[in-house]
Amino acid sequence: MTLAMIAGVGMTKFGKQAERSIEDIGREALVHALKDAGIARQRIEEMFCGSSYGGPLIGQRILRDLGMTGIPITNVENACSSGAAALREACWAVKVGRADTIAVLGVEKLTQLGGGTLPLEPTDVEVNLGNVMPAVYAMRARRYMYETGATVRHLAMIAVKAHEYGACNPNAQFQNRITVDEVMHSRMVADPLTLYMCCPTGDGAAAVIVTSERRAREFGAKPARIEASVLQSGLYKTGFRDMASSELTERTSRLAYEAAGIGPQDVSLAEVHDAFASAELMYYEALGLCGKGEGAAMIERGDSGRGGRQPVNPSGGLACRGHPVGATGVAQIVEAVWQLRGEAGERQVPGAKVALTHCTGGGISGLDHGACAVHVLTS
Amino acid sequence: MNDGAVYFPASRPWIEQGSAVRLIGSKCAHCRAVAFPPHPLCPACGAESGQDAVQLSPVGTLYTFSEIHIAPIGFATPYAVGYVDLPEGVRLFGQIESRAADLRLGQQVAVTLGPVRTDASGRMVVSYKFKGLP
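Sequence order for the protein chains is A and B. 1 is the number of the first residue of the first sequence in my numbering; add one for each residue after it. 1 is the number of the first residue of the second sequence in my numbering; add one for each residue after it.
Chain A with its partners taken away, still in its complex shape (with noise of 0.2 angstroms):
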């Protein structure tokens, strides 16, 4: 099997657009991917596109005004893992030989929504309760600490962090730094979560091309090797589970080093949902960046941090790059390709050689997420 490569990166801003349509914002972040890996968009044979909220035939809609139908166009929907999940389609696509260029996108526009929480499925017991997407990381942030001893403080310190971050990052939907007296004295959104340790409603969109290592050559950028592809759904249990780590995240990042043949260690930054503070905490965790447990120890010696040993979400990451659902798993790839490339600014991870990326969610009763993708990529 020949090996899957990004040959080309784009995104638009993240953050409130009403005022453009979904179609206008997927169309920016496409054509920025098609300029940057230098091909013309005759040269795609397929796409597949990631949108949770955007409706039947989004890519259709997308690449309409874009001349480019006739093209196969699958559209895939996988909660917050919808465009990461479309990248594992195009992957797969390159690697068993069926195409050599394949344009990825994820978009959303929640702006839509009209705001709040998100909605999620009515026929769901827990939602007809009032469980909502905060909540469900309360509680299990509430458990985590009653567990591990971590307080409200370092959840404080995981927001503060993304600021740092978003701060440096000219696509970021907040780019302001706040302390932690900040986060901890903004609103309760659900206790323990205040408004500044939740990520925000925006709208944007992501987009990279995805080329056989052959065909990779023939494009102008320096092309990231995509060394593992892993897509895993949660288990469904009525009885108990331990909802102070994540089985689900743990299962797929160990699928995700088995078949890149690297471990935690060798990761030189990675992109984490961090959803809500809380969540980044138990992913450092599931993802073996740290031991069981010593995720508070992680973000207090500062490891995750700008200039830290391994550093989590330079983008800002959902927290202050903002979180359209359906492209969030394209703009971490996105990321990913310009720290490889070098190209990451101000927000560089010095000499970054392995980018990590991690991307799950979706509210569903007695599932610990609905899905959970992980990518490694290399320069």
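Just so you know, these hints were derived from the structure itself, not from any lab. No residue lacks a Cβ here, since even glycine has one placed at the ideal position from N, Cα and C. Keep in mind that a hint or two might mislead.
[What the hints assert, rightly or not] The following residues of chain A were derived to be distant from chain B, with all beta-carbon distances above 12 angstroms: (1) W92; (2) R187; (3) Q265; (4) G293; (5) G307; (6) V354.
[Said to hold, decoys possible] Just a sample of chain A residues kept apart from chain B, beta carbon distances all over 10 angstroms, derived: (7) R41; (8) D65; (9) L66; (10) G70; (11) R98; (12) V152; (13) R153; (14) V160; (15) A167; (16) Q175; (17) R254; (18) D266; (19) S268; (20) R301; (21) G342; (22) S365.
[Stated by the list, open to error] Not everything, but these chain B residues come out facing chain A in the computed CB check (under 7 angstroms): (23) F8; (24) A10; (25) S66; (26) E67; (27) H69; (28) I70; (29) F75; (30) G89.
Starting from the known structure of chain A, arrange chain B on it as the hints suggest.
Only chain B this time, still in chain A's reference frame:
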């Protein structure tokens, strides 16, 4: 209770014994796994029959909780929610009739019935909930 109210789930899988409320789940005759709400197929072993009705304990242990301050239309904020472990090996999500400040992990809570929200027509929706025990 609550004339004019609607119930969730509509099948009302519970019985009232004096002040105690017992939820009715299903127990697989093959692998003994218990589920709530009752499942037609066993989610643990996949058995397509033998899912027998089983009464669940009226008291459980609070595994974790939160207090929600931003919620969809129909829910009156703030309200406490949590996961409660029943001795039969079932974990339930539900609202708790207490302020978060009065709750602690590991405490005993009792199953009760009460309003959880109003629906799109403005009718009260009644379901199972929990209340903290001293």
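Outcome of the hint check:
1. Once the 12 angstroms rule is applied to beta carbons, W92 of chain A is consistent with being away from chain B; the minimum gap is 28 angstroms.
2. The beta carbon of R187 of chain A sits about 7 angstroms from the closest Cβ of chain B, which is not more than 12 angstroms, so the claim that it is off the interface is violated.
3. Non-interface call for Q265 of chain A relative to chain B: holds, since the shortest CB-CB distance, roughly 32 angstroms, exceeds 12 angstroms.
4. In this structure G293 of chain A is separated from chain B by more than 12 angstroms, as the shortest Cβ-Cβ distance comes to about 16 angstroms.
5. No beta-carbon of chain B is positioned within 12 angstroms of the beta-carbon of G307 of chain A; the least distance is around 34 angstroms.
6. The claim that V354 of chain A lies off the interface holds: its Cβ sits roughly 35 angstroms from the closest Cβ of chain B, which is beyond the 12 angstroms cut-off.
7. Every beta carbon of chain B lies more than 10 angstroms from that of R41 of chain A, the smallest distance being close to 41 angstroms; the non-interface claim holds.
8. Against the 10 angstroms criterion, D65 of chain A stays outside the reach of chain B, whose nearest CB is about 34 angstroms from its own CB.
9. Non-interface status of L66 of chain A relative to chain B is upheld: no Cβ of that chain comes within 10 angstroms, the nearest being about 36 angstroms off.
10. Once the 10 angstroms rule is applied to beta carbons, G70 of chain A is consistent with being away from chain B; the minimum gap is 41 angstroms.
11. The claim that R98 of chain A lies off the interface holds: its Cβ sits roughly 33 angstroms from the closest Cβ of chain B, which is beyond the 10 angstroms cut-off.
12. In this structure V152 of chain A is separated from chain B by more than 10 angstroms, as the shortest Cβ-Cβ distance comes to about 13 angstroms.
13. Once the 10 angstroms rule is applied to beta carbons, R153 of chain A is consistent with being away from chain B; the minimum gap is 18 angstroms.
14. No beta-carbon of chain B is positioned within 10 angstroms of the beta-carbon of V160 of chain A; the least distance is around 22 angstroms.
15. Once the 10 angstroms rule is applied to beta carbons, A167 of chain A is consistent with being away from chain B; the minimum gap is 26 angstroms.
16. Every CB of chain B lies more than 10 angstroms from the CB of Q175 of chain A, the least distance being 24 angstroms, so the non-interface label holds.
17. Every C-beta of chain B lies more than 10 angstroms from that of R254 of chain A, the closest at about 24 angstroms, which supports listing it as non-interface.
18. The Cβ of D266 of chain A sits about 34 angstroms from the closest Cβ of chain B, beyond the 10 angstroms cut-off, so the non-interface label holds.
19. Every Cβ of chain B is farther than 10 angstroms from the Cβ of S268 of chain A; the closest lies at roughly 35 angstroms, confirming the non-interface assignment.
20. Non-interface status of R301 of chain A relative to chain B is upheld: no Cβ of that chain comes within 10 angstroms, the nearest being about 27 angstroms off.
21. Here G342 of chain A stays apart from chain B, with its beta-carbon at least about 41 angstroms from theirs, past the 10 angstroms limit.
22. Remark: the non-interface label on S365 of chain A conflicts with the geometry, its nearest Cβ contact in chain B lying 7 angstroms away (cut-off 10 angstroms).
23. Annotation: interface hint on F8 of chain B holds; nearest CB of chain A at approximately 5 angstroms, less than 7 angstroms.
24. Given hint, A10 of chain B at the interface with chain A, is violated; its Cβ is 11 angstroms from that chain's nearest Cβ, farther than 7 angstroms.
25. A hinted interface residue such as S66 of chain B counts as satisfied when its beta carbon comes closer than 7 angstroms to some beta carbon of chain A; here the least separation is about 4 angstroms, so the hint holds.
26. Using the Cβ-Cβ criterion of 7 angstroms, the hint placing E67 of chain B at the interface with chain A is satisfied: the shortest such distance is roughly 4 angstroms.
27. Residue-level restraint check for H69 of chain B holds (minimum Cβ-Cβ distance to chain A is 5 angstroms; threshold 7 angstroms).
28. A distance limit of 7 angstroms between C-beta atoms decides the matter here; for I70 of chain B the minimum to chain A is near 5 angstroms, and the interface restraint holds.
29. For F75 of chain B, the interface hint holds, since its Cβ comes within 7 angstroms of a Cβ in chain A; the closest pair sits about 5 angstroms apart.
30. Hint status for G89 of chain B: holds, given a least beta-carbon distance of 5 angstroms to chain A, under 7 angstroms.
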